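Protein sequence lines correspond, in order, to chains A and B.
Just so you know, we're using the numbering used here here: the first sequence kicks off at 97 and counts up by one.
Just so you know, we're using the numbering used here here: the second sequence kicks off at 97 and counts up by one.
There could be a bad hint or two in this list.
DSBU-like mimics (lysine-lysine), calculated; alpha carbons at most 30 Å apart, straight line [said to hold, decoys possible]: (1) A:K471 x A:K528; (2) A:K211 x B:K251; (3) A:K172 x B:K156; (4) B:K570 x B:K545; (5) A:K205 x B:K545; (6) B:K172 x A:K156; (7) B:K172 x A:K211; (8) A:K211 x B:K328; (9) B:K545 x A:K251; (10) A:K541 x B:K545; (11) B:K328 x A:K205; (12) B:K471 x A:K528; (13) B:K538 x B:K528; (14) A:K205 x B:K541; (15) A:K172 x B:K328; (16) A:K471 x B:K528; (17) A:K538 x A:K548; (18) B:K251 x A:K548.
Keep in mind the hints are simulated off the structure, nothing from the lab.
Quantities reported herein were computed from a predicted structural model and do not represent experimental measurements.
2 protein chains.
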Amino acid sequence: MPEPKNARQIQSPRGTRDLYPAEAARRRWLLDRWREVSVRHGFEEVDGPTFEESELYAVKSGEGILGELFQAFSGKSPDEVEQVKQTGRAPFALRPEFTPTLARMYAAKAAGLPKPCKWFMAGPFFRAERPQRGRLREFLQWNADVIGLDVPQEKWNAEDAESRAEVAEAKARMDAEVIACCVESLRVMGLDPQAVQIRINSRESMRSILDRLFVSGPAQERAFSVIDRYRKIDEREFEREMIELGADPNAIDALRSLLDSPTQIEGELDAFLVPARYGELGNALIGMKFEPSETALFRTLGEYGITDWCHWDCSIVRGLAYYTGTVFEVIAEGERAVAGGGRYDNLIELFGGPPTPAVGFAMGDVVLSLLLQDKGLMPSDDELMGLVGQHPEVFVLSNGTPEADAALRPLVARLRRGAEPSELKTQDSRLKTPLHVRHSYKATKNVGKLLKEAAQSHARFAVIIEDGSSCSVKDLRENQQWEGRVELADIHTRLCEALRA
Amino acid sequence: MPEPKNARQIQSPRGTRDLYPAEAARRRWLLDRWREVSVRHGFEEVDGPTFEESELYAVKSGEGILGELFQAFSGKSPDEVEQVKQTGRAPFALRPEFTPTLARMYAAKAAGLPKPCKWFMAGPFFRAERPQRGRLREFLQWNADVIGLDVPQEKWNAEDAESRAEVAEAKARMDAEVIACCVESLRVMGLDPQAVQIRINSRESMRSILDRLFVSGPAQERAFSVIDRYRKIDEREFEREMIELGADPNAIDALRSLLDSPTQIEGELDAFLVPARYGELGNALIGMKFEPSETALFRTLGEYGITDWCHWDCSIVRGLAYYTGTVFEVIAEGERAVAGGGRYDNLIELFGGPPTPAVGFAMGDVVLSLLLQDKGLMPSDDELMGLVGQHPEVFVLSNGTPEADAALRPLVARLRRGAEPSELKTQDSRLKTPLHVRHSYKATKNVGKLLKEAAQSHARFAVIIEDGSSCSVKDLRENQQWEGRVELADIHTRLCEALRA
Chain A
97 MPEPKNARQI
107 QSPRGTRDLY
117 PAEAARRRWL
127 LDRWREVSVR
137 HGFEEVDGPT
147 FEESELYAVK
157 SGEGILGELF
167 QAFSGKSPDE
177 VEQVKQTGRA
187 PFALRPEFTP
197 TLARMYAAKA
207 AGLPKPCKWF
217 MAGPFFRAER
227 PQRGRLREFL
237 QWNADVIGLD
247 VPQEKWNAED
257 AESRAEVAEA
267 KARMDAEVIA
277 CCVESLRVMG
287 LDPQAVQIRI
297 NSRESMRSIL
307 DRLFVSGPAQ
317 ERAFSVIDRY
327 RKIDEREFER
337 EMIELGADPN
347 AIDALRSLLD
357 SPTQIEGELD
367 AFLVPARYGE
377 LGNALIGMKF
387 EPSETALFRT
397 LGEYGITDWC
407 HWDCSIVRGL
417 AYYTGTVFEV
427 IAEGERAVAG
437 GGRYDNLIEL
447 FGGPPTPAVG
457 FAMGDVVLSL
467 LLQDKGLMPS
477 DDELMGLVGQ
487 HPEVFVLSNG
497 TPEADAALRP
507 LVARLRRGAE
517 PSELKTQDSR
527 LKTPLHVRHS
537 YKATKNVGKL
547 LKEAAQSHAR
557 FAVIIEDGSS
567 CSVKDLRENQ
577 QWEGRVELAD
587 IHTRLCEALR
597 A
Chain B
97 MPEPKNARQI
107 QSPRGTRDLY
117 PAEAARRRWL
127 LDRWREVSVR
137 HGFEEVDGPT
147 FEESELYAVK
157 SGEGILGELF
167 QAFSGKSPDE
177 VEQVKQTGRA
187 PFALRPEFTP
197 TLARMYAAKA
207 AGLPKPCKWF
217 MAGPFFRAER
227 PQRGRLREFL
237 QWNADVIGLD
247 VPQEKWNAED
257 AESRAEVAEA
267 KARMDAEVIA
277 CCVESLRVMG
287 LDPQAVQIRI
297 NSRESMRSIL
307 DRLFVSGPAQ
317 ERAFSVIDRY
327 RKIDEREFER
337 EMIELGADPN
347 AIDALRSLLD
357 SPTQIEGELD
367 AFLVPARYGE
377 LGNALIGMKF
387 EPSETALFRT
397 LGEYGITDWC
407 HWDCSIVRGL
417 AYYTGTVFEV
427 IAEGERAVAG
437 GGRYDNLIEL
447 FGGPPTPAVG
457 FAMGDVVLSL
467 LLQDKGLMPS
477 DDELMGLVGQ
487 HPEVFVLSNG
497 TPEADAALRP
507 LVARLRRGAE
517 PSELKTQDSR
527 LKTPLHVRHS
537 YKATKNVGKL
547 LKEAAQSHAR
557 FAVIIEDGSS
567 CSVKDLRENQ
577 QWEGRVELAD
587 IHTRLCEALR
597 A
């Protein structure tokens, strides 16, 4: 065990953050944007525990995942301490993502939940990665998911052609809903289709492509993993790995051209995934059509008016094994991934629920914040403090006389409290709302200095108590003194009127 | 290692919570109340990591504390896994309280921070306790603290009588600020002085009392621990333990009378802690006066108009060793502690900062929620969903014609999006704000059924698309149809006007 540290040496754990007021305001602003966008798109907030049983993650990703996580145990439980000493593995893990929790929660109450069920959450997540630019060990993540479909449940897994077509349309609608919500979050933060692109693909289309390349069966899953690394590995390695998986060596160039050619999804997207004009792609792929679920998705994205953000990009397959259909990533300049998601139709069942198609995405705060800063879209610290309500509405000061000094705290308390319950019956309660009030902590009685402090606090109004019963008011935003004095008994109502105007 | 579980058996860890929409709304409502009260009292939000180095907690509370915590380690770090296997102790711990993080953060930037510095935070905390009514292993806690004083820093620890008097007054002001903020949070949730009491004491006064009882030096710290358990242990054990610590056996009855006699703090509280009228208390204590810092606190609480909530109760000493002056608890019927706090003037220095007086409190969500439920003050699930903004402003439906069906998604998207950037220059942007919009996922084309669904969603307005270019509107709150039809091009503005009225 390492030597005990001197208190002065203890810092926040590497890869975590101390949020002083400006940083906390930035987090609050981001969380509020995510939440506001989710709510107005009809998603309802949920959340789960910060830590889960380790096995919850192993169910989805295998035991190996535990080596990527922060593991946890109760120091009070002799059994758990003993387990950890013997195995080096703990019974709990800090959540690295939300989907397993969501699947567990949905599975536990599936019968009583609406169909579809639209859930979002935003909160802290944890990964045992080496911290670097864009990656922290504790970070925020926003999740929005649509679980189930808007067609009767008995059709969700029916095999007849009519049901399958209906379900493909329904999946496209749900996919488009989560993509539209994701796009809107980018838009409200000031981003545009030049700054970020939604790169969309479908694992179903990719399976058709791989079939044509003679990569089939379980090799397709491994091919997804190779394609997911396409831009990170060199050409020869890509070629070698694909051929090992059975790919026709003559078609690798065709595949590579396709992977290199994201195409904007326009209102009337060509039905051909690989149209004849891509003559150089080789016969293996020419003339392939998009899957019906994919053309339906493109059409619905058109109805939502967001095709200018959206590109078809078959290099997007997502690393995780559980995606089944649509997959997408939000990519900014420099190929930075801001968000990612897709359809995971088998996962709810894996967690003990009924077979339930589902789609969702996750967006982290770290890459997004770097992007907003790079683009000059992150509000300044001062602006952020104002945006999250931390600029006072009123700054109260005394003119320095003993009567005014004595009136200060009672007035501050009264303005902060708003109407007393006894006043609520007879008064317009909106004229006695609680106000955000501050006062100076400095010893000075110099009114000029105190007014300067009021202005620095970004208060809207300065109230100068002139004696035990009256005050004068300065509107600091308009830099204007109110005419005459206001009785202390009336000041609350007058301020509320002015703030509501 | 236990057998791997079937996915169906995995539940949330014991003592943690799954928050489905109604529970998540309850959490949001509570967090919003805490936050809103903190902000209007001039506190600024901060936060730290969810886990800290274990030693951070050992600095304050000794190594023994680790047995009460959830401990954590990186599954990716061979060193950390090895440490855990060898020692059964992990390098990190899930935070059980905020004060050590706050002290560490303040100490790291003390020179550049305002004096006093008013910080709040609310978030998840963790304890390895056995779950029971009122106690969970993951819970929410609100913290509000005032660090530093409103007198010049060189006086904070000066020894001359004048500075000491000035500092005592300043501490009383800061103590009263955090107590006023705490009281206001109880008031906004509908509680009143009949339902909860702020029980206040001072460790300084208790030291004077213990001096008179011949309990002195280090025995006083142990006496605090005995008094903290006064209501949990039996009379004889209390007497035995106090006498062991040196207490005059003849004065135990006097002490017990004092511990049993909380007194409301009135505007003009008697300066005598033990006035002559408590004749039965024995000579040892009669005539004792309150410490100047305590009378100053009572006076300031009067200025804030909250003495009706406040009681002097010398049985409140708080278990934790680090409190130095004022201590207080919020006690509801059945002696349930809703919140607790006090002055901890030595802690910032212990964490490597300059000597800095500080005071704060923490309120958890579990006991508070039970109390609000018992009192009928917790809003219903439906009310909560409305209070946190999860009732839609608009529910859009089609009259079932193909043109209306085709217009639905584009209209929903447009209303959710608000004004386009191009519109913002020429339009009053308040008339094109983004709206919270929902629509049906049911297959029915029966307008009556769809209107019923709209009402069940608690939407304010139902918009019925009548053809490709117009709609009718029903105000569901007033149960009134708007006259005539509205062009789809105008509906956004009309809805915004109506919602703002």
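- Which hints, by number, does the structure contradict? 1, 2, 7, 8, 10, 11
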